[in-house]
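Use these hints to put chain B onto chain A, whose structure you have.
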Amino acid sequence: MTTQKTERRLVVPGETIVSDDDKLPGDFTIKQGKDIIANRYGLVDDSARIIKIIPISGVFEPRRGNTVIGRVKDINFSGWNIEIGGPYGAFLPLSECPRFINRNDIAEFANIGDVMNAKIWGIKKGGIDLTLKSRGLGKLEGGRIIKINPHKVPRVIGKEGSMINLIKNSTNTEITVGQNGYIWIKGSEEGEKKAEQAIKLVVEEAISSGLTEKIEKFLGGKK
Amino acid sequence: MPYTKRPDKRKMDEIRGIRAEVGIIPNANGSALFAFGDTVAIAAVYGPKPLHPQHLQEPDTGIIRCVYNMLPFSVTERARPGPSRRSKEIGLVSGNALAAVVDLKRFPGTVIDVEIMILQANASTRCAGINAAAMALADAGIVMKEMVTSVSIGKIDDKIVTDVVGDEEYYSEGEGSTDIPFTITSNSKAITHLQLDGKIQVSRFKEAVEAAQKACAKVLDYQIRALKGEKIDETKK
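From first to last, the protein sequence lines are chains A and B.
As numbered in our numbering, residues 16 to 238 make up the first sequence, in order.
As numbered in our numbering, residues 19 to 255 make up the second sequence, in order.
Derived by calculation from the structure, the hints in this document are not laboratory data.
Note that CB positions come from ideal geometry on N, CA and C, so glycine has one too.
Any given hint could turn out to be false.
[Unchecked claim] Calculated pairs, SDA-like style, for lysine to any residue (alpha carbon to alpha carbon, straight line, at most 20 Å):
id, chain 1, residue 1, chain 2, residue 2
1, B, K163, A, K140
2, B, K246, A, T31
3, B, K246, A, K174
4, B, K249, A, I222
5, A, K140, B, L122
6, B, K246, A, P70
7, B, K246, A, D61
8, A, K183, A, P169
9, B, K163, B, R243
10, A, K174, A, I222
11, A, K88, A, T31
12, B, K163, A, I71
13, A, K140, A, E76
[Claimed, not checked] Facing chain B, according to a computed beta carbon distance under 8 Å, are these residues of chain A, among others:
id, residue
14, L25
15, V27
16, G29
17, V74
18, R78
19, Y103
20, W136
21, K140
22, G141
So here's chain A without its partners, still in its complex pose (with noise of 0.2 Å):
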């Protein structure tokens, strides 16, 4: 296996990436003629046939079956309307919420401001379903809610979760990240608030070499 160390180009929307009859456009670009060009600002990925571009900027794009955490934003009769970010605002219908709710005061359940930890069940258009019937997820109480870019949020989680495991305990806090930038902090208020310039400190040095040394010594360092 060749180890990927080599730096990924940036291209900016009309930029030709290449000009090779072989290569086929993957996300985000469009092949005119023999040139591969980019319709996104972001790094190319030309280890393959297929030419695609990672995307570092913008908002959450959702997909099906991704973990995201939002804010309810208001009730009705039939469940609760949550703020996600990204284009569309999202819908918990009562019938996906796995434990008994009064139909009557299903505000006990959540209210209004109450964080929840849900899982994309179906994009419609102009709206999105959410659902809670999985294992995880469900209300989350207390704690803080901060947002970062979602294109970093693979790097706040680290390999198999070392980078957010690091966080977790040598902050003393419960942490969970939604696929869609939005962070749930829980701990102490001197944990939260290092986790918290932790995880700014991942996401601005997120294409640095030798990230996890840098936040195992920006942990170690003030405790």
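Using the frame of chain A, we list chain B on its own:
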């Protein structure tokens, strides 16, 4: 006296020193600063996000909502804050100039908010604004076919000049002054915005288009370099 010398001693086809930078507004999804000499514009992009009020939503496409705003301190005499007839019109044409290259169909029923603020004005503000907005859109990760670049071409007396300044706009001798802002796309070289203030012969207009294409190619280079992380400031030279 024929018009032979420009007030700032530039060549007829020379652009003022450019300043370009992206990511200047942390809270926005994308942002940029663009300056032609002492005309400075910043732009911020928010979205795509849900559009309210609902009756403005388009069921098959997203929309661009572009606001152009000249800040009170941008000109010598304080500009009255708030939207004016002029700023509404410029916002509309700037939005249209940008919408031509943006893939709005990806998120129907949403809006992309583009806010252009003029910090300092010395003519060509809408061009600086569109350049900044195009960079901000790219920085915001919006899917777009290509970039757009804007530049103003003037006819002062009988000379075709690139990147008009305030003093030239008020030139009244000979044939007087004409100001033509162009917005041109980066690959297909299509014109997505064109206005004309003054009068010009058809034969001279062709010259103006050619001058605009030449100038836009130069400006595009700055936009791309800024997007790739460079902080360019040549306004002092």
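Hint check results:
{"no.": "1", "hint": "K163(B) with K140(A)", "result": "violated (24 Å)"}
{"no.": "2", "hint": "K246(B) with T31(A)", "result": "holds (15 Å)"}
{"no.": "3", "hint": "K246(B) with K174(A)", "result": "violated (28 Å)"}
{"no.": "4", "hint": "K249(B) with I222(A)", "result": "holds (19 Å)"}
{"no.": "5", "hint": "K140(A) with L122(B)", "result": "holds (15 Å)"}
{"no.": "6", "hint": "K246(B) with P70(A)", "result": "holds (14 Å)"}
{"no.": "7", "hint": "K246(B) with D61(A)", "result": "holds (18 Å)"}
{"no.": "8", "hint": "K183(A) with P169(A)", "result": "holds (16 Å)"}
{"no.": "9", "hint": "K163(B) with R243(B)", "result": "holds (18 Å)"}
{"no.": "10", "hint": "K174(A) with I222(A)", "result": "holds (15 Å)"}
{"no.": "11", "hint": "K88(A) with T31(A)", "result": "violated (43 Å)"}
{"no.": "12", "hint": "K163(B) with I71(A)", "result": "holds (17 Å)"}
{"no.": "13", "hint": "K140(A) with E76(A)", "result": "holds (14 Å)"}
{"no.": "14", "hint": "L25", "result": "holds (5 Å)"}
{"no.": "15", "hint": "V27", "result": "holds (5 Å)"}
{"no.": "16", "hint": "G29", "result": "holds (3 Å)"}
{"no.": "17", "hint": "V74", "result": "holds (6 Å)"}
{"no.": "18", "hint": "R78", "result": "violated (13 Å)"}
{"no.": "19", "hint": "Y103", "result": "holds (6 Å)"}
{"no.": "20", "hint": "W136", "result": "violated (19 Å)"}
{"no.": "21", "hint": "K140", "result": "holds (7 Å)"}
{"no.": "22", "hint": "G141", "result": "holds (5 Å)"}
This entry does not satisfy hints 1, 3, 11, 18 and 20, going by the numbered hints stated previously.
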